[in-house]
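Number of protein chains: 2
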Amino acid sequence: MQKISVRSALSADQVGNQVKLEGWVRTRRDSKAGFSFIELNDGSCMGNIQVVADGNLANYESEVKKLSPGCSVRVLGEIVASQGKGQTTEVQASEVHVYGWADVETYPLQKKRHTMEKLREWAHLRTRTNTFGAVFRVRNCVSRSIHNFFQERGFLYVHTPIITASDCEGAGEMFKVTTLDLEAPPKADGKVDYTQDFFERPSFLTVSGQLEGEIFATSLGNVYTFGPTFRAENSNTSRHLAEFWMVEPEMAFVDLEGNMQVAEDFIKRIISDVLNDCGEDLQFFNDRIDDTVLSTLTSMADSEFLRVSYTDAIDILLKSGQKFDYKVEWGTDLQSEHERFLTEVHFKRPVILHDYPRSIKPFYMRCNEDGKTVRAMDVLAPKVGEIIGGSQREERLDVLEQRMQEQGLNPADYWWYLELRKYGTIPHSGFGLGLERILQFITGMGNIRDVIPFPRTPGSAEF
Amino acid sequence: MQKISVRSALSADQVGNQVKLEGWVRTRRDSKAGFSFIELNDGSCMGNIQVVADGNLANYESEVKKLSPGCSVRVLGEIVASQGKGQTTEVQASEVHVYGWADVETYPLQKKRHTMEKLREWAHLRTRTNTFGAVFRVRNCVSRSIHNFFQERGFLYVHTPIITASDCEGAGEMFKVTTLDLEAPPKADGKVDYTQDFFERPSFLTVSGQLEGEIFATSLGNVYTFGPTFRAENSNTSRHLAEFWMVEPEMAFVDLEGNMQVAEDFIKRIISDVLNDCGEDLQFFNDRIDDTVLSTLTSMADSEFLRVSYTDAIDILLKSGQKFDYKVEWGTDLQSEHERFLTEVHFKRPVILHDYPRSIKPFYMRCNEDGKTVRAMDVLAPKVGEIIGGSQREERLDVLEQRMQEQGLNPADYWWYLELRKYGTIPHSGFGLGLERILQFITGMGNIRDVIPFPRTPGSAEF
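Protein sequence lines, in the order shown, are assigned to chains A and B.
Note that our numbering numbers the first sequence so that position 224 is 224, with each residue one more than the last.
Note that our numbering numbers the second sequence so that position 38 is 501, with each residue one more than the last.
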């Protein structure tokens, strides 16, 4: 008997087939006529298939009538057209085998609704709920879309290192990695002797694979990274994680205009793949989580992303007459309220801001001739603000060294990064997209902890 | 003028097209007739395209005749059929623009060959060599193949956590992750006060995503992880890294037989994708690195993998008359020499050994009725030995708890893992494949440090 998924079983073309289904009971309902309906889910889709278990099954009284939410079963039977409303097919069971019980007294996921906070404490069980099944199917779809987008364009997938000895990437606070005994670390001259540590020097978890990605772009052409990234920041917000996944393409012989175009194509591709492949899950988010999810995604897939310079954006904000909490002033970073005003109120579509003041941007961004701005870009989306940040990279050795000194960095720490400019330097560009940020945007989930399997935040590393 | 890759430019159907090419000079050769040949590479493939730069180019004397290995250029010109041997096409340049020079006095990658050890010190430049270009194109191909194999079968890609508070996974020595000041960690009762650390408890880098993967398999069905994994072992060998990438599928309602079949299909798929997509690179490895690479891969793609029990394998080894350094005895782990004898000498094909002694295997592997063995399996390949390790998982709560106690583990540390068995437990299985191990197998590269972009080993975390 062929094993099929619930997703397949729900399709009309299975009618008449003898099949095997395996999954978990969501509910059981007994008919007065002496049979039971079991709603069965196996994670292959949001929907359950209805199993009709007849009273003459050998274990009907002893087992079937004791099934409760969470029990695992194997069902053999025939797929038949359903008489019920809202479903095309159901299974007429010839056998219901119980793999595992779930005690109704202690099983946490009874029918009543639980808060997101409570479900986070049960991260080992929350994947059994409709919401988290949908979240992780969408997460898979977006991850697949990311790979497909870049692979189809001939980008190489590159694994940049997680452990790094550069404490100077400047993108945020770093976690230390060590094998020293913290109770009694070896000392030399009164200080911790890192020559006895695993890597014989202080080591950290990476905050970005960009600099290493540039090594590959400046030798093998277009590449992308997709992997975990870390921030040891004590930010207990709904938008921050200590461990998250980031995509960072890096492109050879590409300037800022090319970079912006790839970023726009990339986001649109992700959105159109999710709209095509996860319709049922998106409908659920739209119904239960945020009723603007579908309209926002559809309109974003169809909009041309505007290009607006930072300087023009500042003008627009200053002339808007809008009252903001944070002052608008050329030379300071835009706040979320400013970004949202631009995309949601003023332009009513996604906007790519470019050419930011050099004083607020990192050393590696390419300097413009005006002496005041760098070739940076941020993609702003309605509801969430910045979703992508990137730049053309500074490829001129002398300018790069000068920028490092400007920012108090020691060029010697970056000897290999500088050599990429010393030998056969090329114009190149790249950007970064946080996977969890775009997942929040797509699903409407309010807290970033609920779009990653096991969130790491201050004080929390369970599971 | 259309930008194309060197890979495209080498194809006969480009003849007659005006194109733009960008890349790095590999060599320059001047003809007495007053023009120059430039070998241009852009990383899109192993091969270079020959650029014919005529003496009447405006910058011929001032720049073209000074081009040396490593210089970066943009070439505009027409693709023409090549008169030369061993190439189909070449470019008749109408413009050669120099992006960046590479001083012949100091550029490390001059024509002479360098040792692998030396190239490791120049990991920021080694990607510009033929060998490492080929390695990283193959690495990309294998990574893509991994995703395609599982996605086409409906597996969900799951990101299990890198930072974990379980120091009890038992698979190896772990790195500590901390934000405490190692010079003066806070103390309570004379010991380090981890409640003041970022996660408020001791935290580590993961050695495996399996246990968390099981959470997803026992709720959403078949899943796989693909991400970085860590071992803080002081192993300075050609087969060990402190940071490496691992793939770990975990499958619901699948027993050991199903697990072995997926493992076999998986390896064959990777090999056939590499044979199809990376022919030129594999030919290079066969010519320059290991002349058995192509024959081994081809034969492996065609062989049925044998299933042999550990007990039968011990019998075969004992009766072989072969002299081994390590004693063969039921109840001890097989050594590499034993594994290689079985695959290379005795069976002459890949072998999957199964049902290993329970005393040498971890607590989570399913116990057989014989009381002596567990449902473990190892896939052994010629030349490298074990390439995949996996098992059916113990799904019986009482047996699992007993096994934990047998191995001196505290069940309370695994409360959530046990609850997967308490509520709706199911038969399930999975395995792990180290990306770098299979890359060594495919490329013939002798040292694992040379199949990962930036190797992390004891004393080494540069770049």
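Quick caveat, the hints were computed from the structure, so don't treat them as lab data.
Be aware that one or more of the hints could be misleading.
[Said to hold, decoys possible] No farther apart than 30 Å at their CA atoms in a straight line, the calculated lysine-lysine pairs in the DSSO-like style are these: (1) B:K811 / B:K782; (2) A:K191 / B:K529; (3) B:K731 / B:K846; (4) B:K835 / B:K885; (5) B:K483 / B:K528; (6) B:K731 / A:K20; (7) A:K85 / A:K65; (8) B:K483 / A:K268; (9) B:K529 / A:K118; (10) B:K835 / A:K422; (11) B:K466 / A:K268; (12) A:K422 / A:K361; (13) B:K483 / A:K422; (14) A:K118 / A:K383; (15) B:K782 / A:K187; (16) B:K654 / A:K187; (17) A:K65 / B:K885; (18) B:K548 / B:K650; (19) B:K824 / A:K422; (20) B:K466 / A:K422; (21) A:K268 / A:K118; (22) B:K782 / B:K846; (23) A:K323 / A:K372; (24) B:K811 / B:K885; (25) A:K327 / A:K348; (26) A:K66 / B:K846; (27) B:K811 / A:K3; (28) B:K885 / A:K20; (29) A:K422 / B:K528; (30) A:K383 / A:K361; (31) B:K824 / B:K811; (32) B:K483 / A:K3; (33) A:K383 / A:K348; (34) A:K422 / A:K383; (35) A:K422 / B:K846; (36) A:K191 / B:K654; (37) A:K348 / A:K323; (38) B:K885 / A:K112; (39) B:K846 / B:K790.
Going through the hints against the structure:
no.: 1; hint: B:K811 / B:K782; result: 17 Å, holds
no.: 2; hint: A:K191 / B:K529; result: 52 Å, violated
no.: 3; hint: B:K731 / B:K846; result: 16 Å, holds
no.: 4; hint: B:K835 / B:K885; result: 25 Å, holds
no.: 5; hint: B:K483 / B:K528; result: 20 Å, holds
no.: 6; hint: B:K731 / A:K20; result: 28 Å, holds
no.: 7; hint: A:K85 / A:K65; result: 24 Å, holds
no.: 8; hint: B:K483 / A:K268; result: 28 Å, holds
no.: 9; hint: B:K529 / A:K118; result: 68 Å, violated
no.: 10; hint: B:K835 / A:K422; result: 63 Å, violated
no.: 11; hint: B:K466 / A:K268; result: 24 Å, holds
no.: 12; hint: A:K422 / A:K361; result: 23 Å, holds
no.: 13; hint: B:K483 / A:K422; result: 24 Å, holds
no.: 14; hint: A:K118 / A:K383; result: 26 Å, holds
no.: 15; hint: B:K782 / A:K187; result: 55 Å, violated
no.: 16; hint: B:K654 / A:K187; result: 17 Å, holds
no.: 17; hint: A:K65 / B:K885; result: 20 Å, holds
no.: 18; hint: B:K548 / B:K650; result: 74 Å, violated
no.: 19; hint: B:K824 / A:K422; result: 53 Å, violated
no.: 20; hint: B:K466 / A:K422; result: 25 Å, holds
no.: 21; hint: A:K268 / A:K118; result: 34 Å, violated
no.: 22; hint: B:K782 / B:K846; result: 22 Å, holds
no.: 23; hint: A:K323 / A:K372; result: 27 Å, holds
no.: 24; hint: B:K811 / B:K885; result: 44 Å, violated
no.: 25; hint: A:K327 / A:K348; result: 22 Å, holds
no.: 26; hint: A:K66 / B:K846; result: 54 Å, violated
no.: 27; hint: B:K811 / A:K3; result: 35 Å, violated
no.: 28; hint: B:K885 / A:K20; result: 24 Å, holds
no.: 29; hint: A:K422 / B:K528; result: 20 Å, holds
no.: 30; hint: A:K383 / A:K361; result: 24 Å, holds
no.: 31; hint: B:K824 / B:K811; result: 27 Å, holds
no.: 32; hint: B:K483 / A:K3; result: 53 Å, violated
no.: 33; hint: A:K383 / A:K348; result: 11 Å, holds
no.: 34; hint: A:K422 / A:K383; result: 43 Å, violated
no.: 35; hint: A:K422 / B:K846; result: 41 Å, violated
no.: 36; hint: A:K191 / B:K654; result: 19 Å, holds
no.: 37; hint: A:K348 / A:K323; result: 18 Å, holds
no.: 38; hint: B:K885 / A:K112; result: 20 Å, holds
no.: 39; hint: B:K846 / B:K790; result: 21 Å, holds
Of the numbered hints stated above, those contradicted by the structure are hints 2, 9, 10, 15, 18, 19, 21, 24, 26, 27, 32, 34 and 35, listed in ascending order.
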